[in-house]
Amino acid sequence: GQQLNQSPQSMFIQEGEDVSMNCTSSSIFNTWLWYKQDPGEGPVLLIALYKAGELTSNGRLTAQFGITRKDSFLNISASIPSDVGIYFCAGRDDKIIFGKGTRLHILP
Amino acid sequence: GAVVSQHPSWVICKSGTSVKIECRSLDFQATTMFWYRQFPKQSLMLMATSNEGSKATYEQGVEKDKFLINHASLTLSTLTVTSAHPEDSSFYICSAWDRGKSGEQYFGPGTRLTVT
Numbered sequence: 118g119q120q121l122n123q124s125p126q127s128m129f130i131q132e133g134e135d136v137s138m139n140c141t142s143s144s145i146f147n148t149w150l151w152y153k154q155d156p157g158e159g160p161v162l163l164i165a166l167y168k169a170g171e172l173t174s175n176g177r178l179t180a181q182f183g184i185t186r187k188d189s190f191l192n193i194s195a196s197i198p199s200d201v202g203i204y205f206c207a208g209r210d211d212k213i214i215f216g217k218g219t220r221l222h223i224l225p
Numbered sequence: 600g601a602v603v604s605q606h607p608s609w610v611i612c613k614s615g616t617s618v619k620i621e622c623r624s625l626d627f628q629a630t631t632m633f634w635y636r637q638f639p640k641q642s643l644m645l646m647a648t649s650n651e652g653s654k655a656t657y658e659q660g661v662e663k664d665k666f667l668i669n670h671a672s673l674t675l676s677t678l679t680v681t682s683a684h685p686e687d688s689s690f691y692i693c694s695a696w697d698r699g700k701s702g703e704q705y706f707g708p709g710t711r712l713t714v715t
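Top line first, the protein sequences correspond to chains U and H. Using this note's numbering, the first residue of the first sequence is number 118, and each one after it goes up by one. Using this note's numbering, the first residue of the second sequence is number 600, and each one after it goes up by one.
Chain H on its own, in the form it takes in the complex (with noise of 0.2 Å):
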């Protein structure tokens, strides 16, 4: 099945630093990508919708200048959290729209944030 992977898979950054996150898929091209944010013990909540070429759509209460999205390729979105804090720290999960072969979106692996 299509496959979607993130990098890294966990990662451990100083507060007022920021870091990239990584979410590619495999074998498919993705015009369309998901960022999700999960707390623990919580469920998945969309964080915003990122499209191949142009502007990333943010949900409600989703800082856009914090949370920087760019999808460059049909294969790569990227997730950058600037200037982080610890309140930043949570499991983040990217998830890819397959519009082409099974219509089908498909999440990746998540990726695991703590801000010290």
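Okay, chain U solo, but in the shape it has when bound (with noise of 0.2 Å):
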């Protein structure tokens, strides 16, 4: 079946300082998407990506749709302490498949 590897993994990270997480696929999807999960709630659409090449900016948000749809990214430029929270990755055709999360943690 489909698989997503999201990395990092996890970060640990000063407040101010930029982030990048980044998703690859084994298969080409025609849509990216990257969510936000804070504890106990569902996740949060951030981004929505459906053209290759597609670069999106959502606040201080910044996605890519890869060339070859097998891959995106996603940037957050000086990060605050509510960014702090888990991270997915997910490709979609009929159904949406998610990555493994990255958490993002931020350093007092």
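Don't take every hint at face value.
Here are the simulated lysine-lysine pairs, BS3-like style, with alpha carbons at most 30 Å apart [to be verified]:
#1 168(U) / 187(U)
#2 187(U) / 212(U)
#3 168(U) / 212(U)
#4 654(H) / 217(U)
#5 217(U) / 187(U)
#6 613(H) / 665(H)
#7 665(H) / 640(H)
#8 654(H) / 212(U)
#9 663(H) / 217(U)
#10 619(H) / 640(H)
#11 663(H) / 619(H)
#12 654(H) / 619(H)
#13 168(U) / 217(U)
#14 217(U) / 640(H)
#15 665(H) / 619(H)
#16 619(H) / 212(U)
#17 217(U) / 619(H)
#18 640(H) / 663(H)
#19 613(H) / 640(H)
#20 613(H) / 663(H)
#21 187(U) / 640(H)
#22 212(U) / 665(H)
#23 665(H) / 217(U)
#24 663(H) / 168(U)
#25 665(H) / 654(H)
#26 613(H) / 654(H)
#27 640(H) / 212(U)
Since the hints were made in silico from the structure, they are not lab data.
With the hints in hand, could you dock these two chains into one complex?
See below:
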């Protein structure tokens, strides 16, 4: 079946630093999605990417849909404490398949 | 934005009993809903696709007789965990596909199931 490899698994950064995480797939997706999940809650959509090569921003977040349609990255600039949480990449065709997640920790 | 609700938000049940979880799309009609399960510190794993008016499609390894799905209306899908066991304890999350307006899938807040 389809698999998504997301890295890194976790990150420890200082407030104000930039963050980068990425996702690769064994197969092609028509849509790439990035979600954030806070503890005990459902995932919330951050950015949706619909075309290969597309670069999309949402505030301090920027994500790109890889040219091969098998990868995507998410960047967060100037991290703040509320950015803490788990970030999931996801690929979608007729259903959404999630990556394993990146846990973001911000050091005091 | 579109809202998806789940009920209950948490439930504790005894081993051997059945539990029903509801997923509702509040401001759009959803012909397709999805059910996911998430174990602690793990990702969301798709269990099944729920289609209004027809049988659900289950992912490989998910027992359809144990996890009964009913999508009886355009705004409601239910997941019933039958004869629950402690290993069924998990966070169950649904999502609903708004094919009409936004084309996006929206996730519910999840239901924490604990089987004692």
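Verification of the supplied hints:
1. 168(U) / 187(U): 12 Å, holds
2. 187(U) / 212(U): Holds. Residue 187(U) to residue 212(U) sits at ~16 Å (cutoff 30 Å).
3. 168(U) / 212(U): 17 Å, holds
4. 654(H) / 217(U): 29 Å, holds
5. 217(U) / 187(U): Distance ~16 Å between residue 217(U) and residue 187(U) Cα, so the pair holds.
6. 613(H) / 665(H): Holds, at about 16 Å.
7. 665(H) / 640(H): 24 Å, holds
8. 654(H) / 212(U): 16 Å, holds
9. 663(H) / 217(U): Holds - the C-alpha atoms of residue 217(U) and residue 663(H) are around 25 Å apart, at most 30 Å.
10. 619(H) / 640(H): 24 Å, holds
11. 663(H) / 619(H): 14 Å, holds
12. 654(H) / 619(H): 17 Å, holds
13. 168(U) / 217(U): Given that 30 Å is the threshold and the Cα spacing comes to 23 Å, the pair holds.
14. 217(U) / 640(H): 9 Å, holds
15. 665(H) / 619(H): 12 Å, holds
16. 619(H) / 212(U): Holds, because 23 Å separates the two Cα atoms, which is no more than 30 Å.
17. 217(U) / 619(H): 27 Å, holds
18. 640(H) / 663(H): 25 Å, holds
19. 613(H) / 640(H): Measuring from Cα to Cα gives roughly 24 Å; hence the hint holds.
20. 613(H) / 663(H): Status holds; Cα separation ~21 Å.
21. 187(U) / 640(H): 25 Å, holds
22. 212(U) / 665(H): 22 Å, holds
23. 665(H) / 217(U): 25 Å, holds
24. 663(H) / 168(U): With Cα atoms ~35 Å apart, residue 663(H) and residue 168(U) exceed 30 Å; violated.
25. 665(H) / 654(H): Distance of about 15 Å is within 30 Å: holds.
26. 613(H) / 654(H): 28 Å, holds
27. 640(H) / 212(U): 22 Å, holds
The earlier numbered hint that this structure contradicts is number 24, and it is the only one.
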